[in-house]
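Chemist: On the provided structure of chain A, position chain B as indicated by the hints.
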Amino acid sequence: MKARRVKGLDPDSPLADNLQRIVAVRLDELCSFVPRALDPAQVKALHDMRIAAKRLRYILEVAAEPCFGAYALTAIKRTKDLQDLLGELHDCDVQLPRVRAVHDDLRAADALEARARAGGAPDLDPTLASGTPHAEAWRGLETLAIYLEARRGLLFERFLELWRAMERDGFRARLEFAIAERPLAVTPPSQDGNGASPSAVVASRAEIDG
Amino acid sequence: MAKARDIPGLAPELTYREAAARTVSVRAEELFHHAAGVLDMSDIERVHDMRVASRRLRAVLEIYEPCFPRKQLRGILDDVKALADTLGERRDPDVQLAQLDEFASAVKPADRPGVEVFAERVEAEQGAANQALASALADLEESDLRGRLAALAASAAHDDRDAHDDPDPYDVRDPYDDREPHDDREAAA
Chain A
1361 MKARRVKGLD
1371 PDSPLADNLQ
1381 RIVAVRLDEL
1391 CSFVPRALDP
1401 AQVKALHDMR
1411 IAAKRLRYIL
1421 EVAAEPCFGA
1431 YALTAIKRTK
1441 DLQDLLGELH
1451 DCDVQLPRVR
1461 AVHDDLRAAD
1471 ALEARARAGG
1481 APDLDPTLAS
1491 GTPHAEAWRG
1501 LETLAIYLEA
1511 RRGLLFERFL
1521 ELWRAMERDG
1531 FRARLEFAIA
1541 ERPLAVTPPS
1551 QDGNGASPSA
1561 VVASRAEIDG
Chain B
29 MAKARDIPGL
39 APELTYREAA
49 ARTVSVRAEE
59 LFHHAAGVLD
69 MSDIERVHDM
79 RVASRRLRAV
89 LEIYEPCFPR
99 KQLRGILDDV
109 KALADTLGER
119 RDPDVQLAQL
129 DEFASAVKPA
139 DRPGVEVFAE
149 RVEAEQGAAN
159 QALASALADL
169 EESDLRGRLA
179 ALAASAAHDD
189 RDAHDDPDPY
199 DVRDPYDDRE
209 PHDDREAAA
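Chains as they are written, first to last, in the working numbering: chain A, 1361 to 1570; chain B, 29 to 217.
It is possible that part of the hints are untrue.
[Unchecked claim] What follows is a set of in silico ranges between Cβ atoms, one per label pair, in the way DEER data are often shown: (1) B:G103 <-> A:A1469: 42 to 52 Å; (2) A:P1457 <-> B:G175: 40 to 50 Å; (3) B:A156 <-> A:G1479: 16 to 26 Å; (4) A:R1528 <-> B:R174: 42 to 52 Å.
Simulated from the structure, these hints should not be mistaken for lab results.
C-beta: ideal position from N, C-alpha, C; glycine also.
Looking at chain A on its own, in the form it has when it is part of the complex (with noise of 0.2 Å):
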């Protein structure tokens, strides 16, 4: 999935200034997925939702801190969650057919060696189907294909667990809010032992630009 151009972005201004404007179009890009994705036969838009994700929480990961208030920290953590699980869904997309694949493979293999045990005779004796090379290897294959199924089920109702979650918390609005705050410098402790407070205090955009 490509991504969407980020307009503005200026070398020679401040860095905190670039990174909002960046992290406000991965944020919607994130966002434009739903309801598309809210379908769980949309493969696609489960995983490009996914890389949308990534791309979300790799920025906060560089911006979070220097840059913006409090909450940007926490989307961190939703985002990752919510790529770990999208990642996790997809992972089953993409095992299943692989193991089924395997399955299709060795089942061909046996019936071909089925076929070499009638030699020249008039027709197949059912007995010659069972006990073949790999009739083993298939209850275990089905098996993992049942899991991998069941647990994409799973997953999928745990994704919309938690995006209803983020959108219960106003997890948009609330990193709009906190890329728009700029965290203080802190003061450096004066020469009467007067310390500055350890962690620094978080001012919104206007506060600082009145």
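Modeler: Just chain B, lined up with the frame of chain A:
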């Protein structure tokens, strides 16, 4: 997973350009720090750490893309992406084998032969991926990726971009305009 090193002096008011120089220097050093012993298949965490370092470096190259001379960045970014892909191709079977092992331990004994058949195929992919990684690391050594990254970081601190490369600073190239990193899992998982 190794924690990312702090970037000294990173602050909101620092110019985007200066932040690019500082960040790329640190992330590049991290990548090479994790290269030691990465081909040792008995310790899969080494590949994981180097892969994480490669994706962190790739991310900052893309995030700070407008701060670098385009032609200089292009080759480096391609190499870092290719390295990240190769590391991903090694990492994916590592993870998959661990999951299959766990699965085989949990299911009934009669189900295990099938899981083992699948695991054998994944092991073959793991071995091939390790060979590909060895080759990729040799190529990067030969092309002096480390030196090129140091030069790139230094170039970011100065406005020496070729005007023909990027005529409009307010309409910069998409920082994510091509291939996805390997952990998109389309190829290997």
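Chemist: Give a verdict on every hint.
Modeler: Hint by hint, here is what the structure shows:
no.	hint	in the structure
1	B:G103 <-> A:A1469: 42 to 52 Å	holds (47 Å)
2	A:P1457 <-> B:G175: 40 to 50 Å	holds (43 Å)
3	B:A156 <-> A:G1479: 16 to 26 Å	violated (39 Å)
4	A:R1528 <-> B:R174: 42 to 52 Å	holds (47 Å)
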